[in-house]
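All chains should be built: construct the whole structure from the sequences, respecting the hints.
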Amino acid sequence: MGADHAHHKETFITKYIFSQDHKMIAKQYLITGLIMGIIGIAMSLLFRLQLAWPEKSFWVFDTFLGKWAPEGVMDPNVYLALVTIHGTLMVFFVLTAGLSGTFSNLLIPLQIGARDMASGLLNMISYWLFFLSSVIMIASLFVESGPAAAGWTIYPPLSALPQAQPGSGLGMTLWLVSMAIFIASSLLGSLNYIVTVINLRTKGMSMTRLPLTIWAFFVTAIIGVVSFPVLLSAALLLIMDRSFGTSFFLSDIFIQGEVLHYQGGSPVLYEHLFWFLGHPEVYIVLLPALGITSEVLATNARKPIFGYRAMVASILAIAFLSTIVWGHHMFISGMNPFLGSVFTFTTLLIAIPSAVKAFNYITTLWKGNLQMNPGMLFSIGLVSTFISGGLTGIILGDSTLDINVHDTYFVVAHFHLVMGISALYGLFAGVYHWFPKMFGRMMNKNLGYLHFWVTAICAYGVFFPMHFIGMAGLPRRYYSNTAFPYFDDLANINVIITIFALIAGAAQLVFLYNFIASIFYGKKAVQNPWKSNTLEWTTPVEHIHGNWPGEIPHVERWAYDYSKPGHDEDFIPQNVPLAEGEEELQH
Amino acid sequence: MTAFILFAILVLVGVAIWQITKIFELSQFGQTKDDSQVANDKDNHRNGQLMFAFLVFIYLFTIYSFWAFGDVLLPDAASEHGQDIDRLMWISFALIFFVQTITQALLHYFSWKYRGRKGQKALFYADNDKLEFIWTIIPVITLAGLIMYGLFTWTAIMNIEENDEALVVELYAQQFNWKARYAGADGVLGDANVRFLQDFDGLNLVGIDASDPNGLDDVVVQELHLPKGREIIFKMRSQDVLHSAYMPHFRAQMNCVPGMITEFAFTPSMTTEEMRQTPEMAAKVQKINKIRYENSQALIANGEVALDAYQFDYLLLCNKICGASHYNMQMKIVVEEERDFNKWLAQQTTFAQTIQP
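Line by line, the protein sequences give chains Y and U.
Every letter in the first sequence is one number past the one before it in the numbering used here, and letter 539, counting from 1, is 539.
Every letter in the second sequence is one number past the one before it in the numbering used here, and letter 232, counting from 1, is 232.
Treat the hints with caution; some may be incorrect.
Unchecked claim - Under the rule of at most 27 Å between Cα atoms (straight-line distance), these lysine-lysine pairs were calculated in the DSS-like manner:
hint, chain 1, residue 1, chain 2, residue 2
1, Y, K564, U, K121
2, Y, K531, U, K121
3, Y, K523, U, K118
4, Y, K524, U, K42
5, U, K42, Y, K531
6, Y, K564, U, K113
7, Y, K531, U, K113
8, U, K290, Y, K56
9, Y, K564, U, K130
10, U, K130, Y, K524
What the hints contain is simulated information worked out from the structure, not anything from laboratory work.
Source: prediction; values computed, not measured.
Here is the structure:
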C-alpha cells in the first residue's frame, strides 16, 4: 500500500459498485441500511394503524397488502408477518449492518491511521453478501404464502411446520437462507475489523490512545465473531428439521389432525442457541451507538470524555457479561429455575457498567461548552433513552418480576427505548457528524433540529404509554385486543401511540430529504467542520484511495485533548506533538 | 376522553413545532448570515432551552400518563405469591423513578446550563477515580439488595413440591384454545401423549392413555375452575407449537412446550366474586361498559348488533406467538370457594364416561 494507490485507473464499476475502498463500502452499507430502515419503519406504521383502529379498512392496506388485506382490512397472518419482518429488518439489517457496517468501515481505517481495511477484498465480499441477503429478505415479501411470520425470534415448532401458519412455508425458508448469508457477511466484516484494529494502527496509536468509537467497534466485532456462528448453527439445524425430517427442536406434535414423526427434540434447545446470539446482539447494536456518542459528545462538549479508562473497562465488562445473560429471555421457557437464578444474577450485574457509562456521559457535559449540532442533540437524546429504557431492565432482568411482564408490551417498550431508539439515535448522530467526511458536504442543521425534536417527543410519546399497556397485562404480538373486553379501556392509549408513531414517521421524511438533498446540494464541507481531534479530519475532503496523500500522520496524544489549559485553540488533533513541557494525561 | 387526549397531544406537538420553526426563522434570517451549517451561539441557546423544555415534557408526560392511564394497570394480585411479586415490583419502581428523575434532570439541566457561548472555554476535566468508584459501588450495593430479594422470592415461587394438600391441574394448549384436566378421585393424572389423540374418534381431547387406570376418572374441561386458598400445581402441555399460559391477575406465567411438561404453582387468594366487588375492579368494569356502550351506539347506527355488557372474569391468555388466532386464544378462569368447586367438579364428565361406547 503506497501513495501511488491513489492514481489507479478506476472505472464506474470498480469505484461505485465492486469497490474495495472502505469509504465507498461504508456508504454502500449506509444507503442499503437506510432503504431497509424505510421499509421496516413503514411496516411498523402499518401495524400501528391496525392496533389503533382494529379491523378497520384502510386504503393503504388495500394498496400495499393487496389480497392479504381483503377489502382493506388487515389479515391476522399479515399482521404477524409485518411484526416479524419489522423486527428482523430493524435489528439485523438496519442496526447491525446499517450502523456497525457503515461506521466501522468508515472510521476504523480513518481513525487508527490506516490506508484501508486489512483486506479490501473480504470487505467487498462482506458488503455484497449483505446486499444479497437483503435482496432475499425483501424477495420473501412477495412469495405466495407470505413472508416469515413467527416473530423475529422464529421459535420452532411454529417456524418449523408449514402446517402451523402460512408464513412458515417458503417465506420462512427464504428468511433462513437470507439470515445464513447475513451471518457470513457479518463474520467476514467482523474479522476484518478485528485484524485491522490490531495490526494497522499508525505509529503512536497505542490501544490506550484509541478513540472510544474504535474501542466500541473493535469489541462489537469480537462479540459478533463469538456469537453469530451459534445463530448460524441454530438456523442450519432448523433448516434440517424443516426440510430433512430431523428432530433437533421438535417432539410429540399433533397438528392438522395428524401425529408427526418427530421425537426427542426440544424447542428449548433452539431458544438457548438463538439467545446465545440474540442477547449479545443487543450489544452488537448498542455498543457502536455508544461509541459514536462518546466521540460526538466529547467533540461537541469541547471536553475530554470523562473517565476514558472506565469507559473502556465498561465496554469490556459489557461484552463479557453479554455472553452469559442470554437465559433472561427464557425465565419461563420451562428451563430449570436454578438457571433462572444464575441468569438473574449475571443480568443485573450488567446494569453496573451500563450505569457507569451513563454517569460518565452526564459528567462529560458538566461545565462543557456544548455545541448544539444535530449530531450532539441525538447523542444527548441517546443518553436519555438509554437511561429511560435501561432502568426498566431492572424489572425484566429479575426473574421474579419477569413472570408477569414477560412478553407483554412492557418488554416492547423496554427494548425499543434502550436498544431501538438509542441505537437509531446513535445512527443519526453518526450520520450528521460524519456526513461531511462521507460526502464532502454539510447537512442542513435546521432540518436536523426539526428532525431531532419531533423524533424525541414522539419516541417518548410512543413508548412511554406502552409500559402501561404492558402493566395492564396485554401480551405483545396480538393482532388486536378486541377479543378481550377486559382490554377495552386500552383503546385510547393505542390511538395516542399510533398518532405519535405517524408523526415520528413523518419526521424521518425530513431526515431523508435532508440526507438526499445534502448529498447533491449541501454546503461544501471544510476539512474539520466540528474542530475534532481524531485523525479522520486530517484527510482531504475529497476522497482518495489510501486516505492520506502523503505519509500517514503519527499519533502523539490521546483523542480527547479538548479545552486543554495552556493552549489557544480548544482542540488539539491527535497528530500534534506534545508541546515542550506538556504532559500527556495518564490514562 | 379520547378527544381530550388528542387535543392535549396536538397542543404539545403544536408548541414543539412552533418552537422549532422559530429557530428555523431565526437562523435563516439572522442579521449575520451564517451558512456554515455548524451550530452558532443562537442555535446553542435555542436548543439548550429546548433541552430544558424537554425535561419538563418528560416529567409532565410521566405525570399525565399516571393520571390518564393509571387505572388500566392490573389490580392487586389475586394469589398469595403474587403479593410478594407486587411488593418487589413497587420497590423496583420506586428505585427506577428516583434514578430516572435525577439522571434525566442532570442530563437536560447540564445540556441547558452549559450550552455553548463564544469565548467560553470548557473545563478540562478528564478523570476522577473517587467519583468513578462512588457511582460503581452505589449500583453494586443497590443491585445486590434487589438480586437477593428477587432470588429468595423466585426460589420460593418456583420450588414446587408435590403434596397431598395441593390440587394438580393439567393445562393443555393447542392452536387456538385451552383445555384443563383434573385428576379425578384418585388424585393422579393418567399418562397422556399426542399419539392417543386420534383414539375414540377424536373424543380423547388431550390424548389420555386409555390403558392407564389412573386416567379413567380424569376430567377434561374448557373452563378452568379453581378453589380459593388451596395450592394449585399446574402441569402444562402443548400439542403443536409453543404457547404460554399467562394468568396476569395471579402473576403467573409458564410456557407450554411440545414434548415436555412444564410446571407452575400458585394459591388463589380471591374468588371471582370477591374481585368483582373490589372498588378498583368495579370502577374499571364501569369504565369498560361505558366505552362498550358508546361503541354500541355506533354499531347500532350502522345496523349492527350491540356489544354485550362486560362482567369481570379472570383470564388465561396465550402469551407466546402461536399463529393466526394467537390474539384470541383464551380460557375463562373461575375462582370459587372450595365447596362450590367440589360441587362443580362432581358434575363434570370423566374420561371413562366420555369414551363409553
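Now the hints, each set against the structure:
no.: 1; hint: K564(Y) <-> K121(U); in the structure: holds (9 Å)
no.: 2; hint: K531(Y) <-> K121(U); in the structure: holds (14 Å)
no.: 3; hint: K523(Y) <-> K118(U); in the structure: holds (23 Å)
no.: 4; hint: K524(Y) <-> K42(U); in the structure: holds (22 Å)
no.: 5; hint: K42(U) <-> K531(Y); in the structure: holds (19 Å)
no.: 6; hint: K564(Y) <-> K113(U); in the structure: holds (21 Å)
no.: 7; hint: K531(Y) <-> K113(U); in the structure: holds (22 Å)
no.: 8; hint: K290(U) <-> K56(Y); in the structure: holds (21 Å)
no.: 9; hint: K564(Y) <-> K130(U); in the structure: holds (22 Å)
no.: 10; hint: K130(U) <-> K524(Y); in the structure: violated (45 Å)
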